[in-house]
Amino acid sequence: MAQEQEVPIADSRPLGEPVLVKIRGLHFSRGDRKIFDGVDIDIPRGRVTAIMGPSGTGKTTLLKLIGGQLAPDRGTIEVDGLNVHALGRRGLYRLRMRMGMLFQSGALLTDLDVFENVAYPLREHTRLSESMLRKLVLLKLEAVGLRGARHLKPTELSGGMARRVALARAMALDPMMIMYDEPFTGQDPISMGVLVKLIRQLNDAARLTSILVSHDVAETCAIADLVYVISGGRVIESGPPEQLRESGSEWTRQFMQGLPDGPVPFHYPAPALEADLLGAAV
Amino acid sequence: MSEMLARLGAGWILAVRHLGRSLLLLLRILEGVDELLRRPRLLVEQLFSVGVLTVLIIAVSGLFVGMVLSLQGYYILSQFAAESALGVMVAASLLRELGPVVTALLFAGRAGSALTAEIGLMKATEQLSGLEMMAVDPVRRVLTPRFVAGFIAMPLLAALFSALGVLGGWFVGVGLLGVDDGTWWVQMQARIDWNEDLSNGVIKSLVFGFVCTWIAVFQGHNSVPTSAGVSRATTRTVVHSSLAVLGLDFVLTALMFK
Numbered sequence: 010m011a012q013e014q015e016v017p018i019a020d021s022r023p024l025g026e027p028v029l030v031k032i033r034g035l036h037f038s039r040g041d042r043k044i045f046d047g048v049d050i051d052i053p054r055g056r057v058t059a060i061m062g063p064s065g066t067g068k069t070t071l072l073k074l075i076g077g078q079l080a081p082d083r084g085t086i087e088v089d090g091l092n093v094h095a096l097g098r099r100g101l102y103r104l105r106m107r108m109g110m111l112f113q114s115g116a117l118l119t120d121l122d123v124f125e126n127v128a129y130p131l132r133e134h135t136r137l138s139e140s141m142l143r144k145l146v147l148l149k150l151e152a153v154g155l156r157g158a159r160h161l162k163p164t165e166l167s168g169g170m171a172r173r174v175a176l177a178r179a180m181a182l183d184p185m186m187i188m189y190d191e192p193f194t195g196q197d198p199i200s201m202g203v204l205v206k207l208i209r210q211l212n213d214a215a216r217l218t219s220i221l222v223s224h225d226v227a228e229t230c231a232i233a234d235l236v237y238v239i240s241g242g243r244v245i246e247s248g249p250p251e252q253l254r255e256s257g258s259e260w261t262r263q264f265m266q267g268l269p270d271g272p273v274p275f276h277y278p279a280p281a282l283e284a285d286l287l288g289a290a291v
Numbered sequence: 075m076s077e078m079l080a081r082l083g084a085g086w087i088l089a090v091r092h093l094g095r096s097l098l099l100l101l102r103i104l105e106g107v108d109e110l111l112r113r114p115r116l117l118v119e120q121l122f123s124v125g126v127l128t129v130l131i132i133a134v135s136g137l138f139v140g141m142v143l144s145l146q147g148y149y150i151l152s153q154f155a156a157e158s159a160l161g162v163m164v165a166a167s168l169l170r171e172l173g174p175v176v177t178a179l180l181f182a183g184r185a186g187s188a189l190t191a192e193i194g195l196m197k198a199t200e201q202l203s204g205l206e207m208m209a210v211d212p213v214r215r216v217l218t219p220r221f222v223a224g225f226i227a228m229p230l231l232a233a234l235f236s237a238l239g240v241l242g243g244w245f246v247g248v249g250l251l252g253v254d255d256g257t258w259w260v261q262m263q264a265r266i267d268w269n270e271d272l273s274n275g276v277i278k279s280l281v282f283g284f285v286c287t288w289i290a291v292f293q294g295h296n297s298v299p300t301s302a303g304v305s306r307a308t309t310r311t312v313v314h315s316s317l318a319v320l321g322l323d324f325v326l327t328a329l330m331f332k
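First to last, the sequence lines map onto chains A and B.
Just so we're aligned, residue 10 is where the first sequence starts under the working numbering, counting upward by one.
Just so we're aligned, residue 75 is where the second sequence starts under the working numbering, counting upward by one.
With the rest of the complex left out, here is chain B (with noise of 0.2 Å):
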């Protein structure tokens, strides 16, 4: 029994440990921001790899979420002969809900285990080291670009995504189920509110951009350097980030939608 207290005690030292280190680790990325007004260019290589090397997937999830939550919602909505609020059904979920979470848990998984690992790799081969003894700050060079970038990444993609989201529900709802189509677009631009909707939606993507994309530098600046390190430490980050991803967004929803 003491054994097993003094196993949980010891878990939750580290896990505070762990909290302390990642956030004296985003004090020191945020100070390195002015870097990137001084060298914008370090900022668009990490837009572009971070951002730009995510969109595919994120256009082909969108489009099939979109899809799959029309042919769905036309079931259930035309149980009760109300199927001409598809479109804002479809619009509705995808803005505050789907188009968020499910962007992050993909960003999580496609860039955020891309800048673990990369960031992992290259403390293991030593040129992190490297560069603080040609006295260029690691922190500043390296990790700030690619937080600054995941966090303007993440609204980017989940707008894609909700749009494609929307479309695909459309083709679906329109095209192949016979929804009126002037319903759908009339609906959806009467009942979607800017702040109850799309505002929401975004604040929601800031938050998660934030979150994962602090999960994953973190998780790679301190990963063990060694093959297997790295690799535990990008599987932390995709758990960690989902996670935290789908925590934030409960306690995210019941703030905003009361």
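Extracted from the complex, chain A is given alone in its bound form (with noise of 0.2 Å):
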């Protein structure tokens, strides 16, 4: 049995190596429908890096690899020099205390309220004083704009601020990488706008490395370093959004302007409308 690798708790950052998660020849399945046919992502320290593709791409399945909440086929997953795959379920979870994920639905506790929500990694994983840890959920809070809302139940809160309490969650024991799954999804102008700005801002002010996972070109653009395009299995096209708009790729074209045909068809593969209609087809 291979011996299991020693994860730190702290952060191992800058040290020369400015990729902190690399994927190679990445396999997946699910079923007889192939997700992933030999993905190789570099995500690079201290950026935010966006995967985007069309729905149904894999791209939350992607940041579940990632986090270990799933096992590829075939291929490896490296996070900070660790192959996540690899690790027993002590040393994956000591990795995820580094590890902050913004789910689409938020996923907050329902029956606490957002301070307890906020609170409830830092109860889990430290011994601080209930004074210390009064201080840091409001701080937490106080950077995503809510701490006037810490004692709302996740029932009265509307999707936006939701998300930003599930941000304000996901960096409270002072994560080295957030992954966002499709934040902007369902969101007004103004939440979106706010969440924009958060994703950008909380990546550089506490020096995170971020992956956001998206299908909302503009929006991720705006605030991404990089960008991988994902479609059929494969990564399409990367490099920064400036460089993507300009793509000779057809298909990157069409995702990128957001095209209603191209190499990804309108129709669904069927028969002849002729034959359908005729009722010549089987």
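None of the hints are false.
With a straight-line cut-off of 25 Å between C-alpha atoms, the simulated SDA-like cross-links for lysine to any residue are:
no.	chain 1	residue 1	chain 2	residue 2
1	A	K43	B	A198
2	A	K73	B	V210
3	A	K162	B	A198
4	A	K144	B	A209
5	A	K162	B	A191
Pulled from the structure, derived: some chain B residues nowhere near chain A, Cβ distances all over 10 Å:
no.	residue
6	M75
7	D254
8	R265
9	F324
With the C-beta cut set under 10 Å, the calculated list includes, among others, these residues of chain B facing chain A:
no.	residue
10	T199
11	Q201
12	M208
Since the hints were made in silico from the structure, they are not lab data.
Idealized CB from N, CA, C, for every residue including glycine.
With the hints as a guide, dock the two chains, each given alone in a separate frame, to form the complex.
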């Protein structure tokens, strides 16, 4: 049996290694459906990296693979030099203490109020005094502009507020990286603007590494340093947003400009319309 | 024919796979019991939710089941001039069978379904995934306290059911039908056996508590994370628990009362 890797509790950043997450030859399937077919991705430290692609291409699955919630069929995922899927449960949990994740739904614990939700990881993993814990939670909530909402229950929050609380919770343990799963979906323009600004500001202020999964092209490109576009189980193209906007690839152009037809066809594969209408198709 | 056999085979494979997964989950749940020693508050909260909130339906049902038992028993026993044995009959029926079995059926409907729905919704709203990503094991933190609470609560609820059933039976038998008060209690004290009646009833309710709560937490944890999926899992909890209780009751009775 392979010896479990030693997982540090503190961040081991800079020290020369510019890549925080290194994905090599990733293969993953659900049943007969191939989600990833040999994907290579490097997530640089201290940057906002966006993973973009149409719905159903496995963007959320990729985050779950990085977080060790799913295991790949083949290939490796290294986070801060540690092979995520070679870690035992304890090692994985120690690594997760240095990762934050913002779920699409917020994933707040519904029986706790906003304050307790943000305090939850601190209560679980630290032995801080109650007064210190209170100060820390209030500071985290202040950072997302919701210090005044600390007594509210998750059911009393709007979608945008819930995501901001979830962001405060994800930052509670001062992680080295935060993964955002579709943070802009279903947001009104004001909430969207707030989230866009927060993700960039927090990344820079706390020297985080951010992985942003989204299909909202404009908002994501406004804050991302690097974009990976994935489709059909492969990385189609990668680079800074400006470079992708000028891309010669038809597929990338269709996605970045939101064109209804192109390499990704408007029509789902079907027999000819005439054959269908006249009843000749089986 | 071959298609039917294939379907049957696939059904069996699925059932065995579910059994295996539920056993693995049970092992992980039991592994986490030490967590409750460090955080007893988790268990206390669940004892309230699983046990205390189920008291009302158990109390009312126990009372009425005892009253009906007394009424029916009186009509039959009086035909043989054996009304004096009414107290023993009511108490033995409740302690040996009705207390553990009816409590378990009611528990599956009230607490078991609530456990499945709660865990299923936590899964559907990504709360369990959220805990995992906060480096908190959802099995230890969410499932273990609920499982242990169900296991502890069931015999206590069955005891309450039987005690109130005896009181309900006494009210009808002695209060309304005129059975002698002294005979009722003396006969019961003389004929109800600690091992044969009481202990066996407690063992039954412990087994039912274990199985019903196991089914409930497994169904919640294994549910498809959609509203329809959680709804189906909740229904399965009630159906599977009820069938398991009735089947196990037969086996346990056959083993205990040879």
